[in-house]
Each structure stands twice: as C-alpha cells, then as structure tokens.
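> Residue numbers (my numbering), protein chains in the order written: chain A, 1 to 81; chain B, 82 to 824.
Each hint should be verified, as a subset may be incorrect.
What the hints assert, rightly or not - Here are some of the chain A residues that sit facing chain B, going by a computed Cβ distance under 8 angstroms:
no.: 1; residue: His5
no.: 2; residue: Gly40
no.: 3; residue: Pro43
no.: 4; residue: Ile78
What the hints assert, rightly or not - Subject to a maximum C-alpha distance of 27 angstroms in a straight line, what follows is the list of computed DSS-like cross-link-like pairs (lysine-lysine):
no.: 5; chain 1: B; residue 1: Lys494; chain 2: A; residue 2: Lys65
no.: 6; chain 1: A; residue 1: Lys65; chain 2: A; residue 2: Lys18
no.: 7; chain 1: B; residue 1: Lys494; chain 2: B; residue 2: Lys92
no.: 8; chain 1: A; residue 1: Lys18; chain 2: B; residue 2: Lys384
no.: 9; chain 1: B; residue 1: Lys494; chain 2: A; residue 2: Lys18
no.: 10; chain 1: B; residue 1: Lys423; chain 2: A; residue 2: Lys18
Treat the hints as calculated values from the structure; they're not laboratory data.
Just so you know, these numbers come straight off a predicted model, no measurement behind them.
Cβ atoms here follow ideal geometry from the backbone N, Cα and C, with glycine treated the same way.
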Amino acid sequence: MATVHLQADHRRFTGGEKTLQVDGSTVGDLITELERRYPGLGPLLTDGASVAINGELIPNGIFEKVDASTEVYFVAPISGG
Amino acid sequence: MTVTENPRTYKYVGTRPVRHDGLDKVTGKARFAADLDMTGQLRAALVRSPHAHARIVSIDTSKAEAMPGVKAVVTGADFADLDPTHPEFDMAVNLMARDEALYNGHVVAAVAAVTAAQAAAAAAAVEVDYEPLPAVLTIDEAIAEGAPIANPTNRTLFSGDTEPSNLASVNEFGRGDVEAGFEAADIILEREFRTVAVHQGYIEPHACVADCGQDGKATIWASSQGHFAVRSKTAAALGWSTDRIKVIPAEIGGGFGGKTTIYLEPVAVLLSQKAARPVKLVMSREEVLRATGPAPATKITAKMGATNDGEITTLQSTMYFDNGSTKGFSALTGAMSVASYKLPNLELHAIGTVTNTARSAAYRAPSAPQAAFAVETLIDELAQQLGVDPIDLRLQNAVVEGDVTAMSMPHPKIGFVETLEAIKNSDHYNSPVPQGAGRGVATGFWFNIGEQSSATVNLNEDGTATVVTGSPDIGGSRASMALMAAEELGLAVDRITPIVADTESVGFTDITEGSRATFATGMAVVNACRELIEQLKQRAATIKSVDVEQVEWVDGAAVIEGQDPLTIPEITAMAKNTGGPLTATASLNAAGAGPSFAVHVADVAVDEETGETTILRYTAAQDAGTAIHPSYVEGQIQGGSVQGIGWALNEEYIYDSDGVMENASFLDYRMPVASDLPMIDAIIVEVPNPSHPYGVRGVGETGIVPPIPTLANAIAAATGVRMTALPMSPPRLLAAITESAGS
Chain A
1 MATVHLQADH RRFTGGEKTL QVDGSTVGDL ITELERRYPG LGPLLTDGAS
51 VAINGELIPN GIFEKVDAST EVYFVAPISG G
Chain B
82 MTVTENPRTY KYVGTRPVRH DGLDKVTGKA RFAADLDMTG QLRAALVRSP
132 HAHARIVSID TSKAEAMPGV KAVVTGADFA DLDPTHPEFD MAVNLMARDE
182 ALYNGHVVAA VAAVTAAQAA AAAAAVEVDY EPLPAVLTID EAIAEGAPIA
232 NPTNRTLFSG DTEPSNLASV NEFGRGDVEA GFEAADIILE REFRTVAVHQ
282 GYIEPHACVA DCGQDGKATI WASSQGHFAV RSKTAAALGW STDRIKVIPA
332 EIGGGFGGKT TIYLEPVAVL LSQKAARPVK LVMSREEVLR ATGPAPATKI
382 TAKMGATNDG EITTLQSTMY FDNGSTKGFS ALTGAMSVAS YKLPNLELHA
432 IGTVTNTARS AAYRAPSAPQ AAFAVETLID ELAQQLGVDP IDLRLQNAVV
482 EGDVTAMSMP HPKIGFVETL EAIKNSDHYN SPVPQGAGRG VATGFWFNIG
532 EQSSATVNLN EDGTATVVTG SPDIGGSRAS MALMAAEELG LAVDRITPIV
582 ADTESVGFTD ITEGSRATFA TGMAVVNACR ELIEQLKQRA ATIKSVDVEQ
632 VEWVDGAAVI EGQDPLTIPE ITAMAKNTGG PLTATASLNA AGAGPSFAVH
682 VADVAVDEET GETTILRYTA AQDAGTAIHP SYVEGQIQGG SVQGIGWALN
732 EEYIYDSDGV MENASFLDYR MPVASDLPMI DAIIVEVPNP SHPYGVRGVG
782 ETGIVPPIPT LANAIAAATG VRMTALPMSP PRLLAAITES AGS
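With the hints as constraints, model all of the structure from the sequences given.
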C-alpha cells in the first residue's frame with residue numbers, strides 16, 4: 001500500500017482527499033485502483049500527469065515498483081523547450 | 082566565473098575544448114536542411130489562409146496543376162483522418178487545414194514544381210473558396226460570454242465536456258488556506274499582468290527535404306530538436322507505420338522549443354510520393370513568424386500577502402495562457418513553475434485559452450517567464466515596501482530541499498540559496514548603482530526533465546572512439562557527450578568523435594527539450610562507456626592471461642599488478658585477436674532530473690524623453706549542477722538572458738483587427754542585437770544533482786525566466802514606474818512615465 005498525493009485538480013474526484021493509501025505493486029496498479037474507487041480519475045493520471053516517486057520525476061513510470069514506503073505524486077505533465 | 086560545492090575534480094569534465102562541430106560551423110561547411118539538394122529535386126510552396134477563421138468551402142487545384150513545371154498538389158483531403166482525441170490531431174491539422182482555416186497563415190494546400198518560382202506561382206493559382214467566420218483573437222475575447230468558438234474540435238482537457246469550448250484547460254493547484262494567509266499578512270499586494278505572444282526567433286527557418294521511394298518508404302532530411310519525433314509525428318499525420326520513414330538529422334540553426342513539433346515534413350513526403358521525386362520545402366521568415374509557434378500571450382492576476390518581518394504568507398493567482406488555435410498545457414506549466422518560495426498558502430488557477438492565432442509552441446522554460454514576471458514583480462514591491470534588500474527577502478523565503486512546489490511535490494537537492502548568494506556576493510551587486518540608473522533583481526526556476534535516450538560508443542582499431550547518440554545538438558551537447566566519454570574512458574577528448582545518428586542507426590531518443598540532452602543522453606553515454614570498460618578489462622585479462630578480477634581500469638588503461646599497463650590503443654589493436662570489435666550500447670528512461678534556479682541582476686538607465694531603456698550592466702547566476710563544458714553553460718546562460726531581454730523590452734506579435742500579423746519580419750519584429758546589449762556576465766553555480774553520475778542538472782532553459790522581472794524591477798527603480806505589461810518598449814514606457822508624471 002503506497003501513499004499517493006494528488007493535485008488540487010484531482011481532488012474533485014476524491015471528495016477533497018489529497019493524500020490516499022492505495023494498494024498496488026506498480027504505479028499502474030495504483031492508477032487502476034484509483035480509477036476503480038473514483039471513476040474518471042484514471043485518464044487524468046494516465047494521460048494528463050507525470051509521476052514523481054519519492055520526490056524524483058520518473059517519465060513514463062507506469063511500471064515503476066511501489067511499496068508501503070513509497071510516496072507517489074501525480075503532477076501535471078512536464079516537458080520543456 | 083564558477084561558484085562550486087562540487088567536491089570532485091575531473092580531468093576532462095569541466096574543461097573547455099573547442100567543440101567538435103565548431104570548424105564546420107564557422108567555415109560554412111555544416112549542412113543545414115535548406116543546404117541539401119537532391120538529384121531531380123522539386124521545390125514546394127504552401128498556400129496559406131488569408132483569413133483568421135474561415136470555413137473552407139472548396140479548393141480548386143486544376144489551374145495550378147496545369148501550370149508549367151508543376152508535378153504535385155496536395156490538400157487536406159490527401160491526409161489521414163485522425164480522431165480529434167488522437168494525441169497528434171492538433172499537430173496534423175495545424176500543418177494542413179481540413180474543414181476550417183483556424184488562423185491567418187494556416188496552410189490549406191501545397192504545390193511541388195521544378196523551380197521555386199514555378200511552385201510559388203502555382204500556389205498563387207490554387208483557388209480556395211472561403212466562408213469567413215467570426216475570429217477570436219485575444220484571451221479576453223476567448224473568455225467573453227457568448228464568444229464565438231475559435232476551434233470547433235477543441236474540448237476542455239479532462240473536463241468530460243462534449244461541447245466545443247474556447248478553454249483548452251482549466252486546472253487548479255494549491256495548498257493551505259489562502260484566506261488565512263491574507264489574514265495573517267500585514268501587507269497585501271495585487272496586480273494584473275499582461276504579456277503578448279513572442280517568437281523563439283531561431284535564425285534558421287524550418288526546412289526539410291523528403292524523398293519517397295517506389296517501395297513506399299520515405300527518407301526525410303530535417304532540421305529539428307528530435308528526429309525520432311519527426312518520424313512519429315509524420316507517421317501519425319500520414320497514417321503510416323514508422324518503419325516507412327527514416328529521418329536524417331541536419332544541423333539545426335536554433336530551436337529553443339520551437340522545433341519540438343513539425344510543420345513541413347508530412348506535406349513534403351506526400352508531395353514527393355505524388356511526384357515520385359525528392360521535394361524540398363523551406364519556410365520564409367514571414368512564414369516562420371506568421372505560422373509557427375509563438376510563446377503564449379498571457380493575462381495574470383496575482384495577489385500576495387506578507388508579514389512586516391518579511392514572511393510571505395500566501396499567494397493567490399489566476400493565470401490565463403493563450404495556446405493559439407489548439408489545445409495545450411501552457412497554463413499548467415506556467416502555474417507549476419511557481420516553485421521558488423515556501424508559500425505555505427497557495428491557490429493557483431491555470432486556464433488555457435484557444436484563439437484564432439498561430440498555434441503556440443514551447444519556448445525555453447515554457448510559460449515560466451510569464452509567471453515569473455508576476456510573482457517576482459510582487460516580491461520586488463514587497464521588498465521595496467518593507468525597506469529590505471530584495472535578495473535577503475528572497476533568501477528568507479527561498480525553498481530548500483524538501484520544500485514543496487506548486488504541485489505539492491518536494492524539491493530534491495537544489496541550489497537556489499547558493500545561487501542567490503552568488504549574486505549577493507558578486508562584484509556587480511556590491512558595486513554602487515550608477516548615477517541616475519536603477520537596479521533590479523529577479524529569480525527563475527525550471528524543472529528540467531529526463532525521458533528516453535540511447536547511446537552507442539564504438540572503439541576504433543587505433544584506440545579512438547565514436548560516440549553515437551540520437552540527440553540533435555542544439556546547444557553544444559556533442560562536446561558534452563565527448564567530455565563525459567573522455568572522463569569515463571580516460572581518453573583524450575580530441576580522440577573522441579561525437580555524432581548524431583539517424584533514426585535507423587541509433588536507439589530511440591526523445592526530443593532535445595527540457596534541458597535534458599546532457600543529463601539524460603549523457604547518462605546513456607556514461608553507461609555505455611562503463612560497459613565498454615568492462616569489455617576492455619576482459620580483453621586485457623585475455624592478453625595478459627590473468628583473471629579479469631585482477632584488472633583495474635585506471636586513467637585510460639588496464640592496470641594489472643606487477644605488469645605494464647595496457648592502454649586503449651594497445652587493447653583495440655588486438656581486438657581482432659581477443660573477440661572482435663569493442664562496442665557498447667546503453668538505453669534508458671532517465672529519472673531524477675535536477676531542477677535549476679537562476680538569479681539575475683541588471684542596472685538600467687531610462688531616457689525619460691524617449692522611453693528607451695539601456696542596459697548598463699547585467700549579471701546572471703545559474704545552478705548547473707556540474708558544468709560539463711563551462712563555455713557552453715555560460716553560452717546558455719547568456720543566450721537565455723538575451724532572449725528574455727528581447728521579450729521584456731521589444732518583442733511582440735502585432736495583429737491587426739482581422740488577425741493578420743503586421744510585423745512578420747525581423748525588420749519589424751525587434752529582437753535584440755549585439756549593439757543593444759552589454760556583456761552578460763555569467764556565474765555558474767555548481768550544486769551537483771545526486772541523480773546524475775557527474776551531477777548534471779541541465780542548463781538550457783532557466784536563464785530565460787528571470788530577465789523580464791529583472792528589467793521590470795530595474796525600470797521601476799530607475800523611474801518609479803511599475804510596468805505590468807509587455808513589451809516595455811520605448812513608446813509604452815514613455816506613455817507610462819508620462820501618465821505617472823501626470824497623476
């Protein structure tokens with residue numbers, strides 16, 4: 001069970017909850033579980049967010065392993081110029 | 082000048098060799114896309130909409146097709162139909178209009194002919210029947226109640242809305258309680274800021290050559306920031322598989338984010354396919370300015386609260402960013418770039434709009450300069466009202482490792498405090514402000530990114546090396562790759578040749594964007610070199626008939642106790658006897674990009690009779706993590722500063738009431754030139770990024786963030802007039818000074 005931090009934007013799906021404990025062994029599992037709990041949130045996390053794990057930005061990180069000590073941040077997509 | 086806490090000393094990293102591509106560049110031998118000519122090549126011309134918004138009723142190409150030399154004509158009907166939800170839909174429609182022309186300059190047809198003059202004449206003969214539609218040209222028009230829809234395919238991102246909208250995205254970031262923050266504040270400042278669209282201003286217009294063969298495959302020579310992206314985007318626009326397209330990177334004459342997307346390649350490929358001949362397509366400067374990615378115009382309101390002892394208690398802001406004709410993330414990145422101060426209470430509303438102007442594109446730290454203009458201006462006013470040093474106020478509120486960004490994510494190890502201190506301790510900041518001048522300070526932040534990169538390192542039979550990557554070199558990255566390879570292998574940097582290979586000759590590599598090439602592709606080079614060293618040790622063990630565990634790699638040689646060291650040339654000379662060529666490849670998805678901060682200080686004099694601003698002195702400090710090639714780091718700092726100065730003082734898209742850009746040339750679109758500028762003194766701060774083997778953060782973008790507020794703050798100090806709209810050009814500044822004097 002990892003700790004998931006959501007942006008203000010995502011909280012309309014979670015009733016205002018910004019930090020959640022979510023089951024799963026990968027980031028993808030967490031997204032699946034969050035979509036199950038809060039229908040409509042999943043696409044935002046898959047297509048509209050970057051992932052940071054323990055403070056480190058992980059591009060394309062859907063298969064990154066997570067565990068009970070992992071802090072996962074779904075943040076807005078970041079690219080650059 | 083370098084201020085470092087880098088504890089390691091390197092033999093090659095941190096030195097300043099002549100860049101490997103330098104001689105070709107200065108002698109004119111380097112080949113850019115427009116320099117390429119193929120046997121039997123045709124020239125192409127584009128037909129562009131004269132309307133800012135119009136329905137395309139019909140296109141008659143018969144007269145054009147009958148003209149001398151014309152070999153092919155294409156329109157939107159020749160392109161793949163993509164679903165509007167396809168991630169490349171907007172790119173594909175932007176390069177060739179379908180049902181509607183969405184801005185003045187939108188391409189509606191293309192012609193290929195034997196000569197450029199014949200192509201231009203035939204393009205003029207293409208008959209397009211337009212039904213003009215109401216055009217939306219500004220943020221205010223886009224958000225007005227009852228506004229016409231600028232682009233009927235736009236739906237607000239992730240809103241679930243099914244109706245067309247002029248809102249590209251609506252997002253919110255925040256933490257804490259902003260109202261409580263205002264209640265705790267002794268001083269509350271609130272202003273509205275406006276910026277206009279500006280162009281990246283790369284010296285090389287977009288250009289490509291496409292050659293489509295009878296096997297249905299196409300080869301493209303293109304100037305871009307990412308030739309793998311050119312391949313995938315071209316494939317998407319045409320509905321092709323990527324194996325049908327090979328992209329060979331030409332030298333690039335500047336990109337700054339503007340060449341992270343494509344405009345020409347699918348058009349050239351289709352024309353080539355139809356004509357069965359190579360096709361060359363080159364934009365004019367006017368086309369570049371009218372129809373390729375400006376940075377978004379913005380409208381930002383910001384309200385900040387602080388206590389009398391200088392603690393910033395809260396920030397509330399609404400940021401509108403205009404994406405131009407299609408959706409995009411510009412507003413999100415602008416809001417997310419508010420990351421330099423602790424801000425316990427924060428509420429940011431980020432709203433992207435869609436208008437009938439050219440589709441915006443990334444520009445060096447996309448959206449951060451506009452957001453910094455607002456935040457850094459308010460902080461300067463706060464320092465002024467509190468009567469404290471503006472750097473001390475920033476130091477008091479500066480983020481450090483563990484403090485959270487606007488996205489609520491904690492900062493990793495960062496060097497913001499060190500960068501502030503570098504300016505505070507600089508000769509410039511400790512020199513008196515010249516008589517009659519004003520001094521301004523501001524800071525900037527950029528995330529930097531990782532993403533996917535590949536590298537191959539080949540050792541040649543004489544012990545020289547070739548470093549092959551897939552990152553187009555837009556800022557000296559080839560030299561950086563060679564330096565890191567030199568450090569790893571212990572091989573002199575002039576014995577290493579770094580090259581950028583085509584899409585079939587190196588592993589997939591993402592775009593050179595987000596200041597990622599030296600960080601991410603550099604890591605791939607380092608990993609490949611380390612794999613190569615293991616091979617070299619094995620070969621040395623074979624040559625000396627010892628176990629590989631007895632071999633160490635020290636300063637470019639295999640060292641075995643009691644024996645003479647074996648150098649790389651000695652090992653590669655025997656490669657054929659010990660297992661064959663020595664080569665190693667590494668690919669990765671780079672995590673751990675290190676955020677970067679910059680702090681700038683400027684002294685300006687303002688002629689209060691003309692409104693002209695003269696920059697007397699300018700110093701820029703930036704945390705590079707580790708400067709692999711300090712000259713190019715300084716160049717990036719200076720280049721970003723100059724682009725920001727142009728954005729601040731002169732550059733602007735000027736549209737008439739019909740949405741036609743009135744200043745689409747470098748004569749009228751006023752970019753700074755050398756005679757406008759003092760020397761930009763660059764201070765490299767080195768707080769190494771622990772997630773990179775050499776501590777690299779990436780340096781390409783952050784330097785453009787501080788100049789706008791730095792100059793606005795300096796102008797305020799010089800004149801007493803607080804500018805909140807760009808550009809701060811002579812007529813605008815003179816009007817503000819006159820108004821201020823009148824009031």
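> What are the numbers of the hints the structure violates, in ascending order?
Hints that this structure does not satisfy do not exist here, as all of them hold.
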